[in-house]
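Chain E is fixed; fit chain C onto it per the hints.
In case you want the letters, here they are:
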Amino acid sequence: MELLTLLALVLDSTLRLSAPLILAALAGLFSERSGIIDIGLEGKMLGAAFAAATAATFTGSPWAGLAAGIGASVLLALVHGYACITHRGNQVVSGLALNILVSGVTAVLGIAWFAQGGRTPQLPGEARFLPLEWPGAAPLRDVPGVGTLYSELLSGHNLMVYLAFLAVPTVAWVLYRTRFGLRLRAAGENPQSVETAGISIIALRYRALLCTGVACGMAGTYLSLAQSASFINDMTAGKGYIALAALIFGKWRPYPAMLACLLFGFLDATAIRLQGVDLPGVGEVPVQFVQALPYVLTVVLLAGFIGRAIPPKALGVPYVKER
Amino acid sequence: MSSSEKRRNTTPTAGAPAVELLRINKWFGAVHANRDVSLSVAPGTIHGIVGENGAGKSTLMSILYGFHRADRGEIRIAGRPVAIRGSEDAIAAGIGMVHQHFMLVDTFTVVENVILGAEGGRLLAPGTHRARGELAELASEYALEVPPDALVGDLPVGLQQRVEILKALYRGAEILVLDEPTGTLAPQEADHLFRILRRLKGQGKTIVLITHKLREIMAVTDRISVMRQGRMVAHRDTATTTVAEIAELMVGRRVLSQVEKEAVKPGRDLLSVENLRVRDDRGLSSVRNVSFSVRAGEIVGIAGVAGNGQSELMEALAGLRPVVGGRILVAGKPVGAGGRLRRRLGLAHVPEDRRRMGLVMPFQARESAILGHHDDPRYRRAALFDWAAVSRDTAGKMDAFDVRPADPRRITAAFSGGNQQKLVLAREIERDPLVLLVGQPTRGVDIGAIEFIHRRLVAMRDAGRAVLLISAELDEIMGLSDRILVMFGGTIAGEFPAGRATERELGLLMAGAAGRERSAP
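Line by line, the protein sequences give chains E and C. Per my numbering, residue 1 is the first one in the first sequence, and the count goes up by one each step. Per my numbering, residue 1 is the first one in the second sequence, and the count goes up by one each step.
Looking at chain E on its own, in the form it has when it is part of the complex (with noise of 0.2 Å):
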């Protein structure tokens, strides 16, 4: 009962944790299969987080916050185009540097603004994505099992956890049953057979990255107005590689990266539950042993045990119309 009851909290904090991740993964999914590298995930999670910060200090509504969150997002996914597509520059380059640049941007701007090290001021309730109680959730609680399950496990969780499970269908049906999916992933994998075909690359592209953007944002907003009451300095805190990564574990598939992004965010909330837990036998737990472990587990997934992941074929490949 006690384990149960345990495990519980495990997997529901596993859901909020890996909400932001599969947000951010399905951005770097629409991108990526467009191809383009998107290594600019963490810039733009943190560009979001900041922007939906602020706007929801002034304003005091989370609405407003999620569409600035999501504004300053795809502002930065068009700079990365305009870098990447019209100018045909470096993808990696050009990713890093919206990273870095991000997190000097949001760091000046959030002392200049609010004079509080770089943090913005603690949002109300109102002002943020509060948890979704489900109809009959506390009066279940108490039932063993079922109970646990629907009250802890499915009810509860604030909007933006919906929101990130319910795109996952949504973009495999978008991928795999329109006819902007088709394009999408010819692109990255022959953009001469899209070209030919009478469609153009770049404005595919545009499209693709326009996407990006919006969920981008919605992943930085979560950060600032759900999992947290306000804007700290580099709260991405490397979420963005993180679900980079996950979405090559899922071979950039749209169910698999979710899972993957599960994954990292079990490990995580697995983190959180054992510091300071005595595990028989082994004793206390380091909390920098823990903490560590997601990383630790991201080299030994890269370094080959899922198999390989083959890319989309013109990943990073800056189109140039033949000859």
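It should be emphasised that the hints constitute simulated quantities derived from the structure, not laboratory data. Be a bit skeptical, because a hint or two may be false.
Said to hold, decoys possible - Over 12 Å on every C-beta distance to chain E, these chain C residues come out as not near it, computed from the model:
#1 66
#2 102
#3 253
#4 272
#5 340
#6 414
As the list claims (entries may be wrong) - Some chain C residues close to chain E (C-beta under 8 Å, calculated; not the full set):
#7 86
#8 87
#9 88
#10 104
#11 105
#12 107
#13 116
#14 233
#15 237
Source: prediction; values computed, not measured. The beta-carbon is built from N, C-alpha and C at its ideal position, and this holds for glycine as well.
Quick look at chain C alone, frame taken from chain E:
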């Protein structure tokens, strides 16, 4: 909207040519790639365009398909002037193109490839359904059967090409342009392609065929246009011309299509291969227990459709690919791993892909000409290069192999394909090796240079050296070899003395039809 209007506009004006190009001009920087090129293709015919590499054929077709825009000139389709600004306009005008390098997505199914760009709505399901039905119809109408749900990357080249043709027909193409369509096909596949083309012609489609293979163009076209150095130099009816005349028009002088060869009595084994086993890049076994030898004074040709282990065999012999099992002997001595000892034993290698493996494109010619021989004391002065000596040496090689322009300091990439290839051959042959491995010696090389290269290979043989030749050109294999081996699926499927092999026999073995010749159509 406008695309369907344009299609209506192209209903043929009676008697007008299907395609008419009027005084097309195109510059790339200072290079005048097309000079006042005019062309008229009659509807319902197969029209061949021939010319050497760099003659401007591909540029002309790129203009027709909207990849490039002409700097001057007019395009008329079925008698009406059209502006072709991109592939979209070309498709709308009823032009379909089968590119030399297929424009297919390997990870897509056949149906997905066919509907890409012509999905017929935001959702895929209805378009896919419609495409299935139409593909079945097209398949039976033109002998274009392809499994609709197979992944294109898993299909053999011949079938991939059919997918390209289907793509064009699915978009309603009335004019089909094929760029070097038989480059990677086995002879039987090429024959099947020609049957398809004739059937398309029978249904009133117009076909433009770009090629440098003269025999094929004589077999299938109604009319031939010849390009040379950016100009259209002649038009001929196929029925009233000859291969010799077309070849002469292409090159601008008389050429010998067959190399004269004296009978030579082969001597001892210079290259012996015993039970050789090699894996390809994916770790799959690609050369399976192959044994053969090449004797002094002999050219042995290996025929085969690309991807049957010839390339891996060549790389293993040259020391570029690890050997899994078996032995390689040069003049009776086993070679170790790597290339250095082999070279000392007298093995030289002209790789299949000169751009990727034979030369360093941004290097000066003299730097490319000593690749792999940097430690030669002749090029050295103390610890430094003696560039004057290298230049002299390279100039000598360029002279002996007729590399033009004979400028040792010119950047390698600035030479034409034929001259680059001669530079590689000069580097390898001038050291007078015992065994010469040559892969695709004339790929992307002009007819004039082909003749020269062939003569040099025969001269090697006449001098008592052993030559192992791998080529996708069956004509080349048959014309040069004293013995022909056919590779299929990583094994040697057959061996013929020169002169005893017919193209049909070789083709069947290349296609893996060894035991079932009778059942082939």
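- Task: Starting from the hint list further up, note which numbers the structure goes against and sort them upward.
- Result: Numbers 1, 2, 14 and 15 - these are the hints that the structure violates, sorted from lowest upward.
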